[in-house]
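Chains as they are written, first to last, in our numbering: chain F, 1 to 220; chain X, 1001 to 1220; chain V, 2001 to 2220; chain R, 3001 to 3220; chain Y, 4001 to 4220; chain E, 5001 to 5220.
Treat the hints loosely; a few may be bogus.
Pairs of lysine-lysine, DSS-like flavour, derived with a Cα cap of 30 Å [said to hold, decoys possible]:
#, chain 1, residue 1, chain 2, residue 2
1, E, K5030, F, K198
2, X, K1030, F, K140
3, R, K3025, R, K3053
4, R, K3053, R, K3198
5, E, K5198, V, K2030
6, E, K5053, E, K5030
7, X, K1030, Y, K4198
8, Y, K4140, E, K5030
What follows is a list of derived Cβ distance ranges for each label pair [to be verified]:
#, chain 1, residue 1, chain 2, residue 2, range
9, F, M59, V, M2059, 29 to 39 Å
10, Y, A4012, X, L1102, 32 to 42 Å
11, E, D5028, F, Q67, 54 to 64 Å
12, V, T2134, R, E3122, 15 to 25 Å
Where chain E lies over chain R, by a calculated footprint (3+ residues, C-beta under 8 Å) [what the hints assert, rightly or not]:
#, segment
13, 3066 to 3080
14, 3204 to 3215
Note that these hints are calculated values from the structure, not bench results. Bear in mind the structure is a predicted one, so any value in this text is a computation, not a measurement. For glycine and all other residues, C-beta sits at the position ideal for the given N, C-alpha and C.
Each chain, written out:
There are 6 protein chains.
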Amino acid sequence: MFLQIENFLTSAEVTAVAEIARQAKFVDGKRSNPHNPTKDSAIADPADPVAQKASQIAMTAFQRSEQARNFAFPQRMAAPYLARYGTGMKYGPHIDAAYLPLGAQPLRSDVSCTIFISAPKEYDGGDLVAHVGTEIVRIKGEAGSAVLYPSTMLHQVVPVTAGERLVIITFIESQIPDQLQRDMLYSLGEVRALEALKMDWRNRVQLDYVIQNLHRMWST
Amino acid sequence: MFLQIENFLTSAEVTAVAEIARQAKFVDGKRSNPHNPTKDSAIADPADPVAQKASQIAMTAFQRSEQARNFAFPQRMAAPYLARYGTGMKYGPHIDAAYLPLGAQPLRSDVSCTIFISAPKEYDGGDLVAHVGTEIVRIKGEAGSAVLYPSTMLHQVVPVTAGERLVIITFIESQIPDQLQRDMLYSLGEVRALEALKMDWRNRVQLDYVIQNLHRMWST
Amino acid sequence: MFLQIENFLTSAEVTAVAEIARQAKFVDGKRSNPHNPTKDSAIADPADPVAQKASQIAMTAFQRSEQARNFAFPQRMAAPYLARYGTGMKYGPHIDAAYLPLGAQPLRSDVSCTIFISAPKEYDGGDLVAHVGTEIVRIKGEAGSAVLYPSTMLHQVVPVTAGERLVIITFIESQIPDQLQRDMLYSLGEVRALEALKMDWRNRVQLDYVIQNLHRMWST
Amino acid sequence: MFLQIENFLTSAEVTAVAEIARQAKFVDGKRSNPHNPTKDSAIADPADPVAQKASQIAMTAFQRSEQARNFAFPQRMAAPYLARYGTGMKYGPHIDAAYLPLGAQPLRSDVSCTIFISAPKEYDGGDLVAHVGTEIVRIKGEAGSAVLYPSTMLHQVVPVTAGERLVIITFIESQIPDQLQRDMLYSLGEVRALEALKMDWRNRVQLDYVIQNLHRMWST
Amino acid sequence: MFLQIENFLTSAEVTAVAEIARQAKFVDGKRSNPHNPTKDSAIADPADPVAQKASQIAMTAFQRSEQARNFAFPQRMAAPYLARYGTGMKYGPHIDAAYLPLGAQPLRSDVSCTIFISAPKEYDGGDLVAHVGTEIVRIKGEAGSAVLYPSTMLHQVVPVTAGERLVIITFIESQIPDQLQRDMLYSLGEVRALEALKMDWRNRVQLDYVIQNLHRMWST
Amino acid sequence: MFLQIENFLTSAEVTAVAEIARQAKFVDGKRSNPHNPTKDSAIADPADPVAQKASQIAMTAFQRSEQARNFAFPQRMAAPYLARYGTGMKYGPHIDAAYLPLGAQPLRSDVSCTIFISAPKEYDGGDLVAHVGTEIVRIKGEAGSAVLYPSTMLHQVVPVTAGERLVIITFIESQIPDQLQRDMLYSLGEVRALEALKMDWRNRVQLDYVIQNLHRMWST
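Chain F with its partners taken away, still in its complex shape:
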């Protein structure tokens, strides 16, 4: 469901991205979702070469994070982009679009990812709030941490009431589109990683039989 990863970016990377954000050109965030009147943030211009460096840092971090890959089963990833919420800015309740433009073939967003650049103490409000029916999950990560969650959930960024919230956002098309299936295969993978060496080899083979075949079955 949700996966928070501490130190997804190193502190050097966080500093580098924060510096990029000071130099990059920002445009109205509605550009990435023109139909949503409640979106009030600024995003770094994807065409700006300075901003593209931040995108590259995030992409590299994703590829090196075994935890992120094991959880998201990434097939393709959208170009990550910087988003800035100044005081008073917000993004009302919304659902991420099913498809984003990406080269010749649109990308289906199955997993959404927020990487926190600002530290929690640098801004008031600005929590990422996911609606799980009448309950909510409220997230305000440490600088350098990332949170991954299913793109199928209604969520919002509540108004920043002081300071500035700087994050990197991206979307992942997964080999395993269904959230519960993805969670189950991730769980089995964790069990194998932590317990396989203690197992009788016959049981290890049986567990692998299930894992490989679930991966086949659910990724088609």
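For chain F, the structure is supplied; the task is to place chains X, V, R, Y and E on it using the hints.
What follows is chains X, V, R, Y and E alone, placed relative to chain F:
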């Protein structure tokens, strides 16, 4: 996902159930899940006629609650039972069993339901905590309220540190086993209930076309 | 199911295609389906640069038609081609092949499309007849109109008894292969387009929640 | 898709049902669909023993019709009921409800069935019109004939402009809920019935292998 | 896939069934599959009270065999029946029918079961041969053993060339119709049974999370 | 399920591959599956141009084999590679990985393929043994023959006890991932190939209707 319903029981019903709990025979909660060593609670003996009155009250409440029915698409329901967590008691992280014995045909638990009899001020600790990956949802409902949530989630009752937590528990086999599908059909039903009268009749017919056919498709 | 679109081509485009047909090289229609002995029509040689202009006109028309895109959820499209049925010609009952050659990766035909170049008064017979079990749907569109229908249906072109029937044919691989699912998502999209502005924003968000998640679920 | 069956009732049965209709008690048709303001017909009171005889005649006819069973793969059937459209009556465009009350377990309507008691010459208008997108299928069967069609289609009864239209209506829950799957298995069954004796026994066994396994796969 | 279970019946039960077979009334085996001309065996008359005792013995054995239940996930079972292949008898290649009559609701055969009463040395030929494409699996079990296999496979009993082959046959409708899914859930259950006590409790909970949710997902 | 194809390679091709094997550079087979400690074989270095000639011969053979294509419904194929089992070598029970690296997009292995270069008389042991539950299928093909089987099966190569076993291995991503669906569509294709000319054209069209639509439905 989660649905909290206020005043699911009337205050008279809450009082009646609390009185039943004082008279009913309670047995070790492991009886309903003998394999889980972390279960430490008492449940009312399902064979006790006094306890069955509480079960009946809960069943009636469910059947009269349009909101509960619209959300859960109930096909069958297990007999609700009283559970009591005295000080120090708890139920460790667990997943509800896929099937429960119920007459000639086992019942698949798709939706889990907790009805709060004790008021939050009557006990410390004892929150229902659902794990949505590395995040949690924490619920402690008002007396008479109910919470419904997918049986597919890991959850626990954290230790009661003072007082006593009295609840009624039940499980629902849904016409629509998949949680996201159930959520979507519930959402469309709400849109129809709240917006249909404003719509052009052609669009109302189109919306009904989708709702009826999704119901067919997903309940098979 | 079926979608007729009037003025899919402008009258200038119809005139241009009719002129192309007079100049292009035509070959035996069996070339596109050698196994079907009942196919008796002529198709423009796909290698003929003159014929390719007609193909380009049809492709452009498809891309600009929001209605066609909303209905078919196109992922890829086969190169449209001109087909000519002179007096006495026909195409007996058949099912369109599941896959057509298209570059490195065959194209699955989910939606079939006929664009009418000849006006109905220019030929007798030559109706497109789709078999929906023991009933039939009979279509003879205006010049410039298009009809889209599921490739899963048995259909035929009945013999032309006088004049000449000139059409452009193409096949679409859809993001949403199942016909009923495609119809339902199209219907919800129409409801949103026509009713969203009248709705309470909470209901609009709920409707969008369903539309985006159905799009995800059914296109995977 | 659609299946028209001639002589579904014998002429003696048609006469018997017409006589029953003269004696039975009719009530407002809205009773079977109170939410649809466009329903304007009369239905025989299901509690009336006279009307129940007509229901029994229809049920018996269904059970003896091999064609109907091969097409619908019936699991359960709702009690058929008489419907009468006098001059000026109609039933506007609608979708049949996904579920109908039927004893302890609601019945999912997958296949809808109309049995014609009045002959076409006995009334003007009153066609059953099914919407297959922007096209329509228009049906006005002979007395004693029946038409079966998927409950997933929008359809209507256009106003009767003279005379009276008497029909029996029922709904079938199918072993095979998906319409295209039902059609394909029906088609394979027809091929086997008509061609198996000409086949090499190895091919007959292969065909049976497919038919039995599709039946398993799609009815679960 | 295949599961051979030794000592499914005790030797006392084998003796009892063999004695029953000497007393019971046998009829032509085509009675259970009249359309298959290659069936040449005798089956005990299901209406014969003597034969019903053998049926009861087999049913009891199935219910006490945890291995059989864990493998087949039985929902319902057809009444087991005795089948006798005298010298020269056989059952040509065939596929078990998708549905068998069983009370009010036909039973879908997902798992086929043969219980061997005769010992292999009592007859020549008579192997159960399952076709897995161009390869075969050949089974001739010990007296008292049982073999369970998917009903989706082509199989045959090759001619008995000497002696007599006595078996009990039955068919199981499974909670989990798909064979690969059933195999995977069985495998995970075995891993849990054999390894859970060695595991960290967190991993045990994760494994249970997957097992219970797969059971839900695949049995619906 | 399994398909053995005789003379998949011509004897000239077998001779050519055997000669290539004498010249090519071989590396430890664990390279293609580093996590499996029971893998003990040598594989030709995929980067060696000499070895690539063997790969090309195998690929060409696959593309010309109508039987292989009809059975596997290939979408993509991994580069075939030579594997050599000297005396004492083996590959313990394992399941083929769900995904193999292949250019920009990993290849899902649905069908596994072994092409036999050594003749059975050239080595003792070394059988390919597939586990179908408690039963096994044992294969030792003629030189030049190939066997295709589902990648979802546990299998092994038992120890070579004398001589040397030389094979080519490859993996196919199928348009139709599910094994039973693939088998059924292959069976229907065989029935059509062998029986269509004897059929009434209406039945041939119905059979084609089913084949094309199953192909659509299962390849999406």
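Against the structure, the hints come out as follows:
The straight-line distance between the Cα atoms of K5030/E and K198/F is roughly 22 Å, inside the 30 Å bound, and the hint therefore holds. The hinted pair formed by K1030/X and K140/F fails the criterion: a straight-line CA distance of about 38 Å is larger than 30 Å. Between K3025/R and K3053/R, the direct Cα distance comes to roughly 13 Å. Compliance with the 30 Å bound is thereby established for this hinted pair. Proximity of K3053/R to K3198/R is assessed by CA-CA distance (about 44 Å); at most 30 Å being required, the pair is judged violated.
For the proposed pair K5198/E and K2030/V, the alpha carbon gap of about 22 Å is at most 30 Å, so the pair holds. For the given pair, K5053/E sits about 22 Å from K5030/E by alpha-carbon distance, which is consistent with the 30 Å threshold. Distance check on the hinted pair: K1030/X and K4198/Y sit about 22 Å apart at the alpha-carbon level, within 30 Å; holds. Restraint check for K4140/Y and K5030/E: the C-alpha separation of about 38 Å exceeds 30 Å, so the hint is violated.
For M59/F and M2059/V, the Cβ-Cβ distance of about 34 Å falls inside the hinted range of 29 to 39 Å, so the restraint holds. A C-beta distance of roughly 35 Å is found between A4012/Y and L1102/X, which places it inside the suggested range of 32 to 42 Å. Roughly 30 Å separates the CB atoms of D5028/E and Q67/F, a value that falls outside the hinted 54 to 64 Å. Remark: the range hint 15 to 25 Å for T2134/V to E3122/R is upheld by a beta-carbon distance near 23 Å.
With 0 residues having a Cβ less than 8 Å from any Cβ of chain E, the segment 3066 to 3080 of chain R misses the three-residue criterion, and the hint is violated. Under a criterion of three residues with beta carbons nearer than 8 Å to beta carbons of chain E, the stated coverage of the segment 3204 to 3215 of chain R is upheld, 6 such residues being counted.
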